[in-house]
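Chains as they are written, first to last, in this note's numbering: chain A, 72 to 458; chain B, 72 to 458.
Don't read these hints as lab results, they were simulated from the structure.
Note that this is a predicted model, so its numbers are computed, not measured.
All C-beta atoms, glycine included, are put in the ideal place defined by N, C-alpha and C.
Please note that a few of the clues may not be correct.
[Claimed, not checked] Below are the BS3-like pairs computed for lysine-lysine, each with C-alpha atoms no more than 25 angstroms apart in a straight line: (1) B:K290 with A:K164; (2) B:K289 with B:K164; (3) A:K335 with B:K289; (4) B:K457 with A:K164; (5) B:K292 with A:K164; (6) B:K97 with B:K425; (7) B:K335 with A:K164; (8) A:K457 with B:K164; (9) A:K335 with B:K164; (10) B:K316 with A:K97; (11) B:K289 with B:K417; (12) B:K290 with B:K417.
[Said to hold, decoys possible] Some, not all, of what chain A presents toward chain B, calculated at C-beta under 8 angstroms: (13) P139; (14) K140; (15) A154; (16) S315; (17) R379.
Protein chains: 2
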Amino acid sequence: MIGAGHSVFGTRRDVNIPELCWESMKPALEKANLEPRDIDFFVVGNLGIWSSELAVPSIMAEYADLAPKGSMRVEAACATGSAAVRVGYTAVKSGLADIVLVLGIEKMQESPNPSVIELIGRFGSYFWEFENFGLTFPGYYALHASAYMMKYGATEEDLGKVAVKNHFYGAKNPFAQFRKEIDVATVMKGPYVAWPLKLFDCSPITDGSACVILASEKKVKEMGIEEKIWILSQGVGTGTANLSKREEFTSLASARYAAEQAYKLAGIENPVKQLDGANVHDCFTIAEIMAYEDLGFCKRGEGYKLAREGQTYIGGRIPVNVDGGLKAKGHPIGATGVSMAVEAYKQLLRRADKGRQADIKNGRWLTHNVGGTGHYTYVTIYGLEKR
Amino acid sequence: MIGAGHSVFGTRRDVNIPELCWESMKPALEKANLEPRDIDFFVVGNLGIWSSELAVPSIMAEYADLAPKGSMRVEAACATGSAAVRVGYTAVKSGLADIVLVLGIEKMQESPNPSVIELIGRFGSYFWEFENFGLTFPGYYALHASAYMMKYGATEEDLGKVAVKNHFYGAKNPFAQFRKEIDVATVMKGPYVAWPLKLFDCSPITDGSACVILASEKKVKEMGIEEKIWILSQGVGTGTANLSKREEFTSLASARYAAEQAYKLAGIENPVKQLDGANVHDCFTIAEIMAYEDLGFCKRGEGYKLAREGQTYIGGRIPVNVDGGLKAKGHPIGATGVSMAVEAYKQLLRRADKGRQADIKNGRWLTHNVGGTGHYTYVTIYGLEKR
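Chain A on its own, in the form it takes in the complex (with noise of 0.2 angstroms):
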């Protein structure tokens, strides 16, 4: 990786969609110090259910001057960045492309009927859970809370506190859609959403772009590139369309099966003294709980008193999300795995603003971005040393 670039999020009522692109786009190019002519392939992570303009590719191509060079959108719901990454990443290593551009975008708060809640409803398996049990995202983790709550005796402050520490880091981050501190307080004051999930335990809904430039190894010597980090090891897996149809609510069974890969293929044995830090898909608070367990951080049942002791604020055990996580950065979905990757590129860098910069010791660090309620779970292993 060449190259990042990053947009404010939030909401860009100022920007159109091309131009949304262009703010990450640029600053990625320009990392990577490279024209538009020089990319061999690129591909756009986008829902864009949202949008009449289906075609964010050919829009791109022609407003970037990316054209003839091939190009795709991918989808795997809010791990959709992720699935971005990993076309790029497969197009580069299987050596039939020599740099790639890995563009995330969504541009949300300008939805149609039916309104964003419906359309992300969808996500789960629409003809039976949602039109029949009116199942929605917030309701769907809400269902993971309390279960979670019931079966291990978390708080809903337990929850509050993860708000607080994404707010807390959301406030460093001059790209982040949400830059206030808050205090558990403010979490527990907020109306509920679904219970036991209140306004502050959701992530918001957000537009905003995201982009990385992945090279070759030829190439980067080739271009004598000294800021650079490498993928090491990407994890896939997909869950069941019905939640009915799960084993369990505490856990999310693709999220486990993608970090087992991506452990296993960069010779991860022990992340919470492997990785300097991760970003995981803090949808809602209970989501960042559970992948703590998910990704080992701590044993099962043990997720909450991270969050509770703090242990996941730089200088504690392993941070994460020290961005703002969707929580406080904002979540626009195409862009939110993408997003991840830009900041694994400058936590491993050093390049993180202040206040928020991890402690790079290890020179690897972690990406869990989950589509749905584990639908679609991509874990990606990024490092400053190749493998």
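Starting from the known structure of chain A, arrange chain B on it as the hints suggest.
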């Protein structure tokens, strides 16, 4: 490619989405002598905007017992199926997966409002050409056809001959939507959709699925598989979103670019002499004629002569769309590119239906799959032998 399967194309109100998928997955798995649990990764080509059910990969993960294996959905307008083949191909070629299942699926007949024509229209530039000028795809290709006819002297009858040929072969394909021969008079009597294109110049709205299974060379050896073909190369190009930004209207720049790459990587200098046949993207009859030229089957401006002289029937200069093409076989968007791959598999292994098996001398077959009006083009070359 060690397995291939195809559903019946047409109006498929008799099946739901997972059933339609399984109709092509089952024979593909059987051909490859595999169970769903043997699949490492699967990729789904699907537009899906006609359905409320958005998450086909996780739906199939549950229905076909593919979970927890990783997956994603890809899209490149009408070239979606070939984009899915690309993702499967690079997953194997990069070493990230040994066995990949590639599924293309579309169920378009159940499209809600807005209509299919309106939704497809968005795959150009929605906000400019569609909203402002009302261009839908018959209109776009009518512009190509009228520009071509004016420049080169082709007639409406020449266009019609493409439809006649494709219906001739569609009648011999048990999976085709239209299994009835027509003559030029039938075409000429049809109502105009967008001058000079008449009803029989246009491909239909189709439900269908197609599936291929790709495996690494190592796995193929291990499994001792005899019946297989190889992906020799793939080229991919992107065009501008707006037709008004194109330099010309009688050829697709993205198709020429994709073909050039594919030929170079596969060592093809004289396609007519080195290929045994091709499937090209005949969404409209003019598109097939432009494809002849963009792929170098003849000189620029002479494509209509191949149609006029019947040179793309079996026994002519080069057999094209001898499965009925999009015109008669049908065009279930996400499935189309995968269906072309299935046809390459059948033709090269000499398993095509009676009366439509091409003479296999060189052991190479080409597929040309266009999204939009050249917004995306994928050209893939398959071979009986590894290059």
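| request: Quick one: which hint numbers does this structure break? Sort them smallest to largest. | output: 16, 17
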